[in-house]
Amino acid sequence: MPTKQALTGAEAIAYAMKQINPDVVAAYPITPQTPVVEYFAKYVADGVVDTEMIPVESEHSAMSACVGAAAAGARAFTATAAVGLALMHEIVYIAASLRLPIVMAVANRALSGPINIHCDHSDAMAERDSGWIQLWAENVQEAYDFTVMAYRIGEHPDVRLPVMINFDGFIISHGVEVLETLDDDVVKNFVGKPIKMYSLLDTDHPVTYGPLDLYDYYFEHKRQQIEAMKHVPRVFKQVAEEFAKISGRKYDLVEEYMTDDAEYIMIALGSTAGTIKHTIKELRAEGKKVGLVKPWVFRPFPKFELQRILNGRKGVIVLDRSASFGAEAPLYEAVKSALYEVAVRPQLGSYVYGLGGRDITPAHIRQAFEDAFKGYLIADEERYLGLRE
Amino acid sequence: MPELKGWKELPIGGIIVEPGNAKQYKTGTWRVLRPVYQPENCIHCMQCWLYCPDQAIVVEIVDGKPKMKGYNYYYCKGCGLCANVCPRSIDPKTKQPAPEEKRAIIMRPETDFAEE
Ligand code: SF4
Ligand code: SF4
Numbered sequence: 001m002p003t004k005q006a007l008t009g010a011e012a013i014a015y016a017m018k019q020i021n022p023d024v025v026a027a028y029p030i031t032p033q034t035p036v037v038e039y040f041a042k043y044v045a046d047g048v049v050d051t052e053m054i055p056v057e058s059e060h061s062a063m064s065a066c067v068g069a070a071a072a073g074a075r076a077f078t079a080t081a082a083v084g085l086a087l088m089h090e091i092v093y094i095a096a097s098l099r100l101p102i103v104m105a106v107a108n109r110a111l112s113g114p115i116n117i118h119c120d121h122s123d124a125m126a127e128r129d130s131g132w133i134q135l136w137a138e139n140v141q142e143a144y145d146f147t148v149m150a151y152r153i154g155e156h157p158d159v160r161l162p163v164m165i166n167f168d169g170f171i172i173s174h175g176v177e178v179l180e181t182l183d184d185d186v187v188k189n190f191v192g193k194p195i196k197m198y199s200l201l202d203t204d205h206p207v208t209y210g211p212l213d214l215y216d217y218y219f220e221h222k223r224q225q226i227e228a229m230k231h232v233p234r235v236f237k238q239v240a241e242e243f244a245k246i247s248g249r250k251y252d253l254v255e256e257y258m259t260d261d262a263e264y265i266m267i268a269l270g271s272t273a274g275t276i277k278h279t280i281k282e283l284r285a286e287g288k289k290v291g292l293v294k295p296w297v298f299r300p301f302p303k304f305e306l307q308r309i310l311n312g313r314k315g316v317i318v319l320d321r322s323a324s325f326g327a328e329a330p331l332y333e334a335v336k337s338a339l340y341e342v343a344v345r346p347q348l349g350s351y352v353y354g355l356g357g358r359d360i361t362p363a364h365i366r367q368a369f370e371d372a373f374k375g376y377l378i379a380d381e382e383r384y385l386g387l388r389e
Numbered sequence: 001m002p003e004l005k006g007w008k009e010l011p012i013g014g015i016i017v018e019p020g021n022a023k024q025y026k027t028g029t030w031r032v033l034r035p036v037y038q039p040e041n042c043i044h045c046m047q048c049w050l051y052c053p054d055q056a057i058v059v060e061i062v063d064g065k066p067k068m069k070g071y072n073y074y075y076c077k078g079c080g081l082c083a084n085v086c087p088r089s090i091d092p093k094t095k096q097p098a099p100e101e102k103r104a105i106i107m108r109p110e111t112d113f114a115e116e
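Protein chains in written order, with the UniProt record's numbering: chain A, 1 to 389; chain B, 1 to 116.
Okay, chain A solo, but in the shape it has when bound (with noise of 0.2 Å):
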C-alpha cells in the first residue's frame, strides 16, 4: 500500500535509496545537498541498508568512487550541487564516456562567483554535454519517483549510461511536501538486480577500463554515446510505464498541463513550473488560453515531443534559471532551434529568472504572457523576470 508521508526532497530521495540499498554510496558534503547523504549514512550506521558507504575528500573523488564501483558491477549512487559538480566536472564526462550507469542527485545551486548557496540550474547545464541522461523534477514527489526509476533506465543494455536527477536546491531539497512513497517490496521489485555488463569482478571475463583511445577509434566511441542517447525516449516510457503500474503516476518526456487548447505556452524545468500552474490557472479563470510544458528529460531533449506540441501555437515562452553568457539561455536555445523546422512557427520569448535563487513570482509570470498577449515577444530579445533594472 502506498504511503502518505510528508518529507523534504532530500529525505524523499534518500528514502527511495534506502529501499533500492545500492552497493556503494560515495560522497561528499555539500549545499544544499548534504541532507540527502546525511538521511542515507543514517540507514546505514542504522543497519537498514547494507551499502558501502565512503565517506571521500572530495566531489572529484565522489565521482571517482562511483566510477571505481560501478565498472565492477556495483550499482553506485551520489550526490552533490553546484561547485561540487563543478568539482567532479572531469570524473562526470568519464562515467558516460565508460558507459556506467551510476546514479547521482543533484540539488541545483547557482555557481559562483560571488558564492551562492541557492537555487538556480547553471550547475546542471554545466554539465549538459557530458553524457549524462538528465531528469528535472518539479517537486518531492517526482525526485522521488525519479529516483526509483533512474537504475532502471541508465542500466538498460541499450542505453548504459549515467542518471542525473536535478531537484531544485532548497526549494525542493529543504521543502517538506506530503508525497506518496511505495512499499519497500515494491521498489525492490521494480528495480530488481543490477544489470552487469563487463564487470570487473567477472574474474572469468577480465576487462580493461579506460584504457588510450587516440584518432583511431575515440570519435567511434563517441558515436556510440551519440547512439545510447537515441534510444533514451524508449526506455524511459518503457520505464515510466511500467512505473505507473505500480504508482499511478505516469511520466513522458515532458508533462503537459493545459495545453489542448493553448494559444500560449510556457516551458520551464524543475520547480517553477509548480508556480507556474498556479498562474495558469488564474489566467485561465479570466478565460486566457494558456498552457505549460516542462521537460522531465532535458537531455537528451525532447525536440520531437516540443515540435508536435509547439507547431502552430501563437507565442511560447521560455523560462530559464541559468544564462548562457554571450549565447541564448540554454532552455531557451534548445527550444527555438526545435522550431526551425515546424510548419507554424510560434512567436518565441525568452526570460531569464531566478539566478542566484531570487524569487520568481505568479506576478513575474503573468508579466511574461502578458507580454505574450501583446504580440511583444522578441526571437532575439533576452529578457529578465524579477531583476532591479
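This list has only true hints and no planted wrong ones.
Calculated cross-link-like contacts (lysine-lysine; reagent style DSS-like; alpha-carbon spacing at most 25 Å):
(1) B:K5 to A:K230
(2) B:K8 to A:K230
(3) A:K222 to B:K8
(4) A:K289 to A:K277
(5) B:K8 to A:K196
(6) A:K237 to A:K303
(7) B:K5 to A:K222
What follows is a set of in silico ranges between Cβ atoms, one per label pair, in the way DEER data are often shown:
(8) B:I90 to A:Y218: 43 to 49 Å
(9) A:M53 to B:T27: 42 to 48 Å
(10) A:P211 to B:Y74: 17 to 23 Å
(11) B:K95 to A:P206: 50 to 56 Å
(12) B:W7 to A:V44: 36 to 42 Å
(13) B:Y74 to A:G47: 55 to 61 Å
(14) B:K23 to A:G210: 18 to 24 Å
(15) B:W7 to A:D204: 25 to 31 Å
In silico negatives: residues of chain B with every beta carbon more than 12 Å from chain A:
(16) L33
(17) V36
(18) N41
(19) C42
(20) D54
(21) V58
(22) V59
(23) I61
(24) D63
(25) A83
(26) I90
(27) E100
In short, the hints are calculated from the structure, not lab data. We put the beta carbon where it would ideally sit given N, CA and C, even for glycine.
Following the hints, complete the assembly by docking chain B with the ligands onto the known chain A.
This is chain B with the ligands only, laid out in the frame that chain A set:
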C-alpha cells in the same frame, strides 16, 4: 595498417574485452634506425637480449644454451641499445669502435629498407 572496426562493431566505452591483446599491437612502426644482425660476428653473450627494452631480440635455446637469432622488427623501436651494449661493437685491442664488418649489430637508416 590493419582494418579498423566501425562504431557498431566495437565494445562500448572503449572497454577492452580480450585480455592480453596488446601483443597484437605493432609497436615498431615508428623506428627510424634498424639494427641489423651479423651472425658471423656474434658470441651469443646475450647482452643485447638482456638490455633490449622491447623484447625484440629473438632467442632460441640450442643444447640448453641461448642463441641470438636476430630481430623481431614488429616490436623493435630502433633505440640502438643492443648495438651499444654488444661487446663486438668495440675492438678489444684498441678499445675503439670496431669496424662495421667486425660488429655483430650495426644500425642502419630505416629508409634503406623502404621497399620491404
Ligand atoms: S650482444 Fe652482440 S655478441 Fe652478444 S649475443 Fe647480442 S649480438 Fe651477439
Ligand atoms: S634497437 Fe632497441 S628495441 Fe631494437 S632490438 Fe635493439 S635494443 Fe631492442
